[in-house]
Amino acid sequence: MYKIKIRNLIGAVLVGQTALFGAQAFAETKTEVTISHYFTGELGLGGLKEIFSEFEKESGLTVKDSPIGHEDYKAGILVRAAGHNLPDVISYWAGARTQFIIDSKSLRPIDGMWAKNNLDNVIAKSVADGATLYDGKRYLVPFGYHYAGMFYNTSVLESVGVTSTPKTWEEFLTLCATLKSNGIDPIALGSKNRWPAQFWFDYLLLRTAGADYRADLMNGTAAYDDPEVVKAMSMWKDLYDAGYFVENSNANTWTDASDKVMRGDAAMTLMGTWITGYWNGQGMKPGEDYEFFPFPTIDASIPDAVVGPIDGLVISADAENVEGAEELLNFMVSNTEAQAKWANIQGALSANVNVDQSNYTSVMQHALATINAADTFAFNYDLSTPPPVAEVGLSMFAEFMDDPSKMDAILERVAGDAASAFKN
Amino acid sequence: MADIQLPHGTGAPSAKPFNPWPVVIFIILSILAVLFLAPTVGVLFSSIKTTKEIAFGRLWDFPTSVYWGNFADILSNPSVQGYFVNTLLITVPATVISITLGILNGYVFAKLPFRGSGILFLVIISGMFFPPQVILIPLFRLFNGLHLIDTLWSVIFIHIAMGIPICTLLMRNFFATVPNALREAAILEGASEWQVLTKIALPLSLPALAVLVTLQFTWIWNDFLWPLIFIQSDEKRTVMLGIVNLKGQYSVAWGVQGALSLLASLPTLIVFLFFQKYFIKGMTMGAVKG
Amino acid sequence: MEKENRFWQIVFLSLPMAVFVILIIWPLTSSFYYSFTNWNGFNSDYQYVGFDNFIKILTDKLFYQAAINTSIWMVAAIFLPSLFGLVLALLIDSSVPGGSIFKSIFYLPICLSAVVVGQTWVWIYQPDWGLMNTVIGFIAQEKFNYAWLAKPDTALGSVILAWSWQQTGLSMVIYLAGLTSISEDLIEVCEIEGASTWQRIRLVIFPLLTPATVVVIALSVINSLKGFDILYIMTGGGPFNSSDTLAMHMYNESFKKYLMGYGSAISVVLFLIALTIIRIYFKQLKKVDEIYG
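Residue numbers (the working numbering), protein chains in the order written: chain R, 1 to 424; chain U, 1 to 290; chain C, 1 to 293.
Quick caveat, the hints were computed from the structure, so don't treat them as lab data.
The reader is advised that the hints may include incorrect statements.
Claimed, not checked - Keeping only pairs whose Cα atoms sit at most 20 Å apart, straight-line, the calculated DMTMM-like set for lysine to aspartate or glutamate is:
hint: 1; chain 1: R; residue 1: LYS406; chain 2: R; residue 2: ASP226
hint: 2; chain 1: R; residue 1: LYS423; chain 2: C; residue 2: GLU184
hint: 3; chain 1: U; residue 1: LYS281; chain 2: C; residue 2: GLU184
Keep in mind that this is a model prediction, so the values were computed, not measured.
Turn these sequences into a full structure, and let the hints steer you where they fit.
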């Protein structure tokens, strides 16, 4: 192996790029599809490998994958895009991030492949247009989607005598107070990598100001020092001041926070459905050991909205094996077995309407019912607003969690920073 | 040397009563040594504990049993083997070539000065003091244009370039200590400059080479920034990128990260132990003279 | 003879200089070029924006924060390891038993990479079960769970401590080399003359260690500029940018916000700062050269 590598290296330098291009011209039937994705260990890497090998069996192609940790992936994939160095297929979050790399001409539309495989009949309408259509063209297939809810440890809630989950804000506050008085930290949050805090902002804003206002904030027509934002943040602050969040949330990652709930040190955490995949992997039983309730209603006059990301697969503009890439995309979304498997392992919901929903765990069925009952499905914060603005906002959440008493000053500053980030 | 003890009173050496200082110093050093070893011990502990033990906060407890699973995981992971091969393929050529270029530069600046060579020398060694980030973006664009992104070459090239200043400085200082008379005599006998360099100057400069090999090998092997920017695909990653990325390959990877960290530190340790004697001699002879 | 020298100068210098110019000088110059554009890293249709990026720097609060952090980092990352190294070298040089074992122990961290060191110290600072809080909790006899790396007040300082731990060994080895080269006769003369220990250190050893200090400082500066790695691993510039250095800030602006033009402008400022440091260093070097030949 060592020897071959050296020879490859020497060969590459001697023959140089011309040979590489030449080789491509000759290799009419390419047998390899390259893919880069962020589905690492805690996000279902093992299951994904199995799905790839199914695809390999079916198509005769080989899949060469490079998983990269979530946080490094965000910067890394853009660096590769800048270098026209993307693999054939990459996983990406539907929404503003995908729009951003489409604007930089890094992706290839898939309208042809979409029509050929009749994906209109495969992909759930609720997900299809918002996530896959950009500037009038199809770019992305939804590989799975998620819902963020309040996941809790059932035995902890039972231990303090709580039998029904809160529906309104008052009930939620009562629950927190009960837990606190029993010496249990009500809410775990792991905001070290910043993004887990965003769901709090999303839901508080959606529940108090509504989806339309939030959309304005996300596209820059509303400002971060508006009374709507101040109100949402104040409610967040009240929770913090009451001591309902675990200490040092900025020192923990989302898995640290999940571990706290799993161990019973904390009662609940506001997280996406991928936490079910993580917990199932740790031996927790859905429905028995953990459950979730939707973020409580604050203002009954505001239509219900749910938040979550859609994991998509896209084809890069420089893809070397376009046919293989299209075949892979189609397989990943159309093959019901692969979709069902992924839904189970990762704790995702399938966007494929043909997937038998009885395969879902009880918790995932609950999540699906919650989404279907909601008026709006919104992308979470960092997928709704352009990446440069998201950088500003995510840092704001971490700064807020460090010391919420500085809230007014933080919001005032962020209003300016976000406005200038929109201008770039 | 043995009878010089620190600190020393003003009294006559013959009337020396019990001197407590060596004992005090020994105790101070022992305490410091324990403090210094603690982090390294942490790596060691993490590598022989299960992830569960660590997750439940027992990393710093003295291990009651040894768990070899982390090492087994690491050693059987084909990507990890690739990480080591890649790092070696980067480190060895980059170390050798950067030192070679430093030798060529250093020889000219020490033995064949010309008008303006002093200024040129200063320009080159000021390269030592630039934060590498300054040239990150243009280099990315340059390598991208040459289709070198995501190849080991990009990392090798940049390490060669970044190594030139320090190698030039040390080699010039060392060659300066080689008497001019030696060179002149050899030239009179018909030797070329190349022969003077390889047959006379270099053999006298082995300690400097030891210093450079140690420093360059350690820096390049341990480097993180350049591979982070230039390497993207898994099969071309270096060990240091690998350690960071292990976090992703397992759900919680403390144990395997510790094990890989330990293995990743061995080559630099071996290089240091191997060159230690010359390293210190080199530092005393040439480098310290500034 | 002249002609022959010229031939060898060209032969010897051409390759190293070519590499240096292409990979260091040229990128350095193009950093200046990009700093006047609004290039985002992807599109080739970027515009010339004049001094806009530099004007933006003036109003960028994160930049000021990063500049202050960079100064703290540079001073501490150069001063602390050098001082610790000197103290250790003096202690070990007093021919204490087991000197070479101590030397190896203190040198060991240098062989570890920033990635490994960073990861280990993250475990030390872990709020719930980290070594730091365990020890403090043991001494104070109550649970202590301060999050060293997640608090803006201590994040940078905590990284500096980890850094100093790693770098001390290198300056110690150099100072030890310097101390061995001080002639024993000279020390003996001091003793006979009746100089006190402190006098001996201050008046004889310190001045004679100046050349070693020059090397220590040079290596510390070079190493501290590599401090990006350990910061990236331990805090990533966080929490909320409170431990950003200029290099980190430049990385974030360029690679997370895709403002390559603005990132280049930060690089240019960083370059100018480095230039000042180099000038000071060479000035001191010249002084030392004049005194010690």
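Results for each hint:
In summary, the hint linking LYS406/R to ASP226/R is supported, as the alpha carbons are separated by about 16 Å, within the 20 Å threshold. The straight-line distance between the Cα atoms of LYS423/R and GLU184/C is roughly 69 Å, outside the 20 Å bound, and the hint therefore fails. For the given pair, LYS281/U sits about 17 Å from GLU184/C by alpha-carbon distance, which is consistent with the 20 Å threshold.
Hint check: a violation occurs at hint 2 only; the rest are consistent with the structure.
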